[in-house]
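**Q** One letter stands for each residue in the lines below.
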Amino acid sequence: MTASPPPGPASPAPPPPAPAEPLLRMRGITKSFLGVRVLHGIDLDLYPGEVHALVGENGAGKSTLMKVLAGVHRADSGTVELAGSRVSFEHPVQAQRAGVATVFQEFNLLPERTVAENVFLGREPRRRGLVDGRAMERATAALLADLDLEGIAPWTRVRSLSVAEQQIVEIVKALSHDARIISMDEPTAALADHEVEVLYRIIGRLRERGVAVLYVSHRMKEIFDLAATITVLKDGDLVETVPAEGIGPAELVRRMVGRPVSSVFPERLEPRGDRVGEVRLSVRGGGNSQLDGIGFEVRGGEILGLGGLQGSGRTEVAHALFGIARFTRGEVAVDGRRIDPRSPRRAVRAGLVLVTEDRKAQGLALNQSVTANGRLVLDAVLPFGSARRVRRLPGILSSLELVTRGGNDQEVRYLSGGNQQKVVLAKWLATEPGVIVLDEPTRGIDVGAKQAVYRLMRELAASGAAIVLISSELPELIGMADRLVVLADGRIAGELPGGSTEEAVMAMATGSHGDPRADAPAAGDPRAAAPLSGGAAAGPRSGDGAGRAAGPGRRPENDLGSGPPPGAVRHTDSGSGPGPDSGGGSPARHEEAAP
Amino acid sequence: MTSPTTAPPAPRGRVPGALAALGRGGAPTVALLLALIFAVIATQNPSFFEGPPLMAFAKKAAPLVILAIGQYLVIVSGEFDLSVGSLVGAQVVIAARLIDGEEAMTLPVIGVMLAFGLLVGLVNGLVTTLLRVPSIITTLGTMLILFGAVRYWTGGAPTGALSEAFRVPGRGGVEDLPFLGQLPWALVIAAVIAVAGVLLMRSPYGRSLIATGDNDVAAAFSGVRVWRVRTLAFVGSSLLATVAAVLIGGYAGVTAQVGQGLEFTAITAVVLGGVVLGGGRGTVVAAVLGAVTVEALFTLFNQLYLPSTIQPTVQGVIIIAAVAYAARRGDLRLPERLRRRPDHPTERPLGTSRR
Amino acid sequence: MRVPRVLLAGAAGLTLMLTACTTDAPEDGAAGEEGGSELAPSEEWFDQAEYDAQLAQREITPEGPEDEPWMQAIEPEWIDTSEFAHDSPEDATLCFSNASVSNPWRVTGFITMEQQVEALQEEGAIGDFRVSDAADDDNQQISDIQAFVDSGDCDAIIISPSTTATLTPAVETACESGVPVVVFDRGVNSDCMVTFIHPIGGYAYGADAAEFLVDNLEPGSNVLALRILPGVDVLEHRWAAAQEIFGASELNVVADEFTEGDGARIKDLVSQHLQRGEIDGIWMDAGDGAVAGLEAFEDAGQPYPVIAGEDELSFMRKWDEEGLTAIAPVYSNFQWRTPVLAASMILAGEEVPSEWILPQAPITQDELPEYLERNADMPSLHYAKFGGEDLPGFPEAWTDR
Amino acid sequence: MTRATTSVRGLWSRLGTTGPVYLALVLLLAASAVYVATRGGNLFTTANTVDLFTRSSLLGFLAIGQTLVILCRSLDLSVGYVAALSTVVAATTMAGDPSRILLGVGAALGLAALIGLANGLVVTRLRVNPFITTLGMGLIIKGYLDTNFQGPAGAIPAAFQTFGYTRIGVLPVSTLVMLGLAAAAVLFLHRTRTGYHMYAVGGDAEVARLSGVRAGIPTVTAHVLCSVTAGVAGLLLAARFGTGSATVYGNGYELEAIAAVVLGGTYLLGGRGGVAGTIAGVFILATLDTVFNVLGVDPFVKDVMRGVIVIAAVAVYARGRHSRAAVRVRFPSGGAPPPPAPDPGPRPEPEPLGGRR
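Chains as they are written, first to last, in this note's numbering: chain E, 3 to 597; chain R, 7 to 361; chain C, 3 to 403; chain X, 39 to 395.
Treat the hints with care, since some could be wrong.
SDA-like mimics (lysine to any residue), calculated; alpha carbons at most 20 Å apart, straight line [stated by the list, open to error]:
no. : chain 1 : residue 1 : chain 2 : residue 2
1   : X       : Lys340    : C       : Pro397
2   : X       : Lys340    : R       : Leu312
3   : X       : Lys340    : C       : Glu300
4   : C       : Lys320    : R       : Glu170
Listed next, the stretches of chain X that the computed footprint assigns to chain E, with coverage defined by at least 3 CB atoms under 8 Å from CB atoms of chain E [as the list claims (entries may be wrong)]:
no. : region
5   : 62 to 72
6   : 245 to 256
Think of the hints as simulated: they come from the structure by calculation, not from any bench. A virtual CB, placed ideally from N, CA and C, is assigned to each residue, including glycine.
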């Protein structure tokens, strides 16, 4: 387990400052779509064994650049040299054959096919003209074993894998091309914090083999953990390429955004709503096949953080509140009135809304206009007498700083991720809800849009709404929430005050803590093992710099670095012990922590 | 471009929006095609655009327009309705048998027909949404059931007779108008339904419907009762098929073959209008234009004395060419792909049925 | 950009179509002006000898009881069937492979047949009666016949073939099984069956209609021909005979259209033709939808044409009400009784004609009131010469079908 | 051991969709046999068995091809017309001359393949919805047939008619050929790259494209093969008719074939299912027809029953699929770590990494 030191900053295998020849040299890459320039004269060099991070806000051109490299798009102008010879990929397969593999941002597997069939899709091994399924499975098993991933069986259908496993299969698929260059577009977007560890290990292996890795991520922590060189894009222009040692997160963000970002999490605002302080949502003894003993209260003006590992039941609680998967026992009350949320309609009518985690699949009708999406809930749930609310919609949209080229008649599929999320928020705000549940509201959106979402949450809280925030990004959760309820294994593991440390949250979430309210690492805290692995687990958020065994030249991480919390990272190594019995232990803790 | 149909009946008020909608997908293609067809008809038979022939054309085209609007509701919600042809046939036969020439029975029987249409729509909708049977199979089954059941009921061939009053909507009209001659009730009914359809699609229900066809999960998560919205679309389709049956029965009386193949004609009309199979895109106006175009095509063949037997070939070529042309135009901006990870337990939680 | 190319292709296609059509239209005109030269029946469906024979058969007085046309036969060649005589006919199983009951004519006929079967069963002339219906699917009917043969339960097999040529092998298989086979309505290309029962035929039908139009219209009048489907032999024969007769006449056949028997289609087609010129006569290869065609004249405010319909009741009633100049050619519906009777005769070892040609006479103006009265209780889409008035189930079986 | 587990797993996963269909077929056969017996009949007489097989062969040919097309997320509504065209082409080419049999077969299948090619290219290159493409293609063929063949044409030599009538025991040759084709199709789907890619294109065309699958090839291939199997169906019809019959297009074969495919458990939107299930679907429909025939059911009632049974069967499948998905454990205990223990045993269960959302 500890045999593979994560390729953190402590084992940087730093790329020689100037190896004679870059493996890949891109010069002056320009690309337009329908007259809109997406990339403008981008230069990029990749060196063997180097992790090169590509950062920028949404829409900066990261994915497009990556797709040019992968042969999905053709550059309008510019040159690409691979190992000194000029190449021009017209199709992803050409790129793959040349040793350039890509893990795309979108889900890129066939759910109905097996792991092996997915890995070898398009180049199935043949024997005497027929596809040799067994050879394929053997080869896949070997690839998986090579990465210590024997847990995934090659003949499993992808749809029966977990999201993280699916992501790993995508990476294995890219690796199977015997690639010299691998580019990854937000490979961790769908991963839980502790699962990122596996990815770190895989990238470590790749570096050892001399593979060049191009890494796109929004998570500062990953960038500084992994990358030796960072290229910053903004609005399709190259801002600069810098060694990771020479820059800190705050400065990096400033260059991405083009302005200094003073404070990540906006200050609490003066409460002004008349319902501030009232209990607006209360849950008592809620349970179903996946949840048990869920109970908490949220008051007007309060932001309650719902923490826990992925799979701990956070999303399930949100779904149960919103009537997607019902509570079969217990009771829910909104504004003191008991409700039985049997469907989203009932929840909305009661004044409770949910911003779902998967924007495109669950939040938007992509072929419809901004307006149509914005008023969808009003149309569906409150068709009569909603004229006043519909009239308010443009105001809500503009207050969210939603600016689109086509105005509000623009179809939402043409909007960026951040703008799409604003449409989703506007849709729910139009119903004037009293309780707002936000499930991963900032996933995959850029720094600027995140800020807008945070400010909005503060505004809503100040006006008297009760907010439940679910997030995998612990800094966000801790920074925004007034109070935290931590879930583990479908139960409430405990409650923490706002501003608790990430360690405390993780300890509670993994069931490896003594006192749930303890800020200091307890005996069972996985952090205790951190130094042993060479400080791979970077420290907690700023302000706790002592715990940070930073690599050479690293600066303390800035708040807005929304990387996976160190506890999570560590947990994957040490958590196998406490994991299985956490279920048994949680009820007691729950009682202990219950208000 | 002097033909009166090049200006679609876009309601006033939000003309820019309507024009923008026309600017995308197949609607301009079908408008162009329709103009072309009418132009050719005009060269062949200039008198076609004098009142009475045009009104005769409208009378004939009205049922298909109504069927196309019904089919549009179902298609835009992401489903199919293959049962409308059989339903039209069944309704005409039911009307003939129950009325049996009695004038006094006309209105009660029309009521029975509407109730029957409602029932068929409910069955189609509920089986599709609640039992999660793909709509193509559901409505294929309903098509077989209606075909067999009505024939079993009447012993294989229609019996009875329609009353004169029953035949008025399909056959009669406002008489002795200048220029037009007769303004057929069928045209009036079709126009009213088309306007109602446009208004419906701007209503909360219509917006929910099109959002459901676009992304039923997102719609469900927004509080849309997907099963209900889709079921209502099927009910709408069946009710409009019933209205079409009244018009067709009124137009031509009872024959054993009434309604056969109308489902494919209606789907063709809707698709020709640029409405996307699979849901979420397209307008009522486009569906209406598609229906008028299909009827105009039949008329064109006739005006050209095209041999009966070769007509299907030309029809097939034109339909494929028109849809290919529209596909080209719509292709300029590739839509962002919606790819869902398969293992979201919440992927398809409520009464959703897209498959 | 490819868009213009597609547009170009579309335009080219349309141009092609239009030029093709502009060359077509004059041809049609020419056909009318020159009368017969263009309007010759296709060789595929025209057999001069058979045509002459059928036209002659119309004049021959058939043998058999006068008031039972279904037992009459034109120039029969009686053959001995004693080899098929059944020891106890009351236990004999009769198997009937029906092409379909997919149109009113077949529905009416099948009811008559069932009634005849009941009558015979009561007499003890036959026993069990099994039916399989192929729903117009040739392949299905082949299987049905095969299943009858393989089951070995049938003591006689009656077949109403769906299509002449395609059913030939199956009928031959049935013959080879040694069971007496009776074929009626459409024939097959074989003479292996014991008897083939049919009315005079399609040529006679088409000729009855065409001759009536020729006799009742001024030379140069416009005639519209409405047909149901291409490719069905009995229907093609009707049209072939009409082409032969119109070709030799001074009438101008404006067009021939396929309608699939759909009233809406018929009415639309007739309306369109009326927009472009007068139609003086309508020839139909089957009476389905004749009323819809007539209504097109009413709606257009034009005088009724001279029309050849069929002995279908809604048409005959319209004819009577409006005092049309019309004729109802008949494809004798009573022929559905004959096969069962023939089978019972064969099982009894009696002689039957090897080709049993039933009489087929059109209903004229003179006979109209009589037939209307005889069928006063019958519904629309019933055929006047159904010939079941003496059967025990009359009239309920036909009125409440 | 590993090998054994692999094959067992493989078999099971393959049976995943087809297993229930065969179970349904067996249940239907048993229920029908019992019901027919209570009515004093016997479903499994030679005559009835032959009848059942014969009915299945024609639909089988059409449904095998349709399965391939549907797997690619396409649809072919022109198969009935292609079959009709194939009968007349074969019959007129053979013209009763036994030496021209091969020529006739070649001509019919070649023309069918060309039509399939046209369908496939229009669907993939011109991006016309397959529903419209094949509906239009059907109309085009219909016009050609109606114009040029008013009725039966040509003649099939007796030697070729054996394809339609000969049988070995209770198994007609045509059924054997159909089963052979089905086996070939199964092999094709599971052992060739194009077969694999059909699933890929049907599952997600963009994933397939990014993986280097030329998305057009599987789809066009499927359309060609579908038309060819429709052509074979036409040959069977011609052999049974002894002549070419243009009017067989009116028999609604295309919808029946789609019903068989869906009954066989193939997902109408592509990417899941297979030919083995389709064959079971075909036999289910053939059994129903045979039973209706044995019981002498009114032809109109037959239509009603067929409609009800198809809907009910698919509803039962849908229910089964749904409940399986619901039962699946979404919450393995705790956040188990991603890599299994170093010594996970021969075949560790694919333990989810971190629970599922």
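**Q** Could you run down the list of hints and mark each one as holding or not?
**A** So, going through the hints one by one against the coordinates:
A threshold of 20 Å between alpha carbons decides the hint, and for X:Lys340 with C:Pro397 the separation of about 27 Å lies outside it, so the pair is violated. Distance hint between X:Lys340 and R:Leu312 is unfulfilled; the C-alpha atoms sit about 39 Å from each other, more than 20 Å. Our distance criterion of 20 Å between C-alpha atoms is broken by X:Lys340 and C:Glu300, whose separation comes to about 41 Å. For the hint pairing C:Lys320 with R:Glu170, the CA-to-CA distance comes to about 14 Å; that is within 20 Å, so the pair holds.
For a cut-off of 8 Å, the count of residues in the region 62 to 72 of chain X with a CB near a CB of chain E stands at 0, and the three-residue condition is violated. Restraint check on the region 245 to 256 of chain X versus chain E: 7 residues with Cβ-Cβ distances below 8 Å, three needed, restraint holds.
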